[in-house]
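Using full-length UniProt numbering, read the sequence shown as starting at 1 and increasing by one per residue.
Worth flagging that the hints you see were computed from the coordinates, not collected in a lab.
Incorrect hints may appear among the rest.
[As the list claims (entries may be wrong)] Here are the computed distance ranges between Cβ atoms for each label pair:
(1) S163 - V51: 32 to 38 Å
(2) V51 - L168: 41 to 47 Å
(3) D136 - V103: 38 to 44 Å
Built from N, CA and C at the ideal position, the CB exists for glycine as well.
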Amino acid sequence: MRDAFGGTLVTMAMAAREAMRQASAALLTSDSTLAQQVTVRDAEIDVLSRVLEDRIFDLVVREQPDSEDTRALLSAMQVAAHLERMGDLAVHVARATLRRHPVPAAAPELAEILGLMGGVADGLAGTVVSALADGDVVLAGRLDRDDDVMDELHRRLFTVMLSSDWPLGVEAAIDGALLGRFYERYADNAVDVGRHMVRLLGDPRGL
1 MRDAFGGTLV
11 TMAMAAREAM
21 RQASAALLTS
31 DSTLAQQVTV
41 RDAEIDVLSR
51 VLEDRIFDLV
61 VREQPDSEDT
71 RALLSAMQVA
81 AHLERMGDLA
91 VHVARATLRR
101 HPVPAAAPEL
111 AEILGLMGGV
121 ADGLAGTVVS
131 ALADGDVVLA
141 GRLDRDDDVM
151 DELHRRLFTV
161 MLSSDWPLGV
171 EAAIDGALLG
181 RFYERYADNA
191 VDVGRHMVRL
201 LGDPRGL
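Work out the full structure, taking the sequences as your base and the hints as a guide.
Encoded structure:
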């Protein structure tokens, strides 16, 4: 059953990666045009999620899968849900750029850390794409470890904003906290994709 939805998941993962790439670039350059393009990627992910769901329901009705295949199908739906959330989080980053435009949403004091968080998010999403495309359980298992880098950057972000010499006030700190949360949640969803894959890839009929 892998062939019925594996390609769709890979395409969703690629779109979720590109959406956050665009959102991060827009954030750091205050590019409203690029930020608006992120919604196009997210719409693509939403459509693909509905297509995958329809395929799964069709398979269940037509083939009445056994318990192992049913488990794989349900996990595929869960993976799709996490990929859809990743796209949504990229949109949140893009909307922060649009909301503050033409003023940069990323304060200069936070831009370096947010840029690093964007890079880690891209790396995690790239790992998701490769793991899904190749059915690589080892690669999927690395996502949990690689997420530690994002967690550390998130802590650094708050250290800067909560320091006694933070110069920009509450509003800029709230923007920074929200952006940091979007990146952290993006990474968490990538890790969740990996965990679903690890649970299934031991079974040749899984993802």
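Hint check results:
The beta-carbon spacing between S163 and V51, approximately 48 Å, falls outside the hinted interval of 32 to 38 Å. Taken as a hint, the range 41 to 47 Å holds for the pair V51 and L168, whose Cβ atoms sit roughly 44 Å apart. Look at D136 against V103: about 43 Å separates their beta carbons, and that is inside 38 to 44 Å.
Violated hints amount to a single one, hint 1; each of the other numbered hints is respected by the structure.
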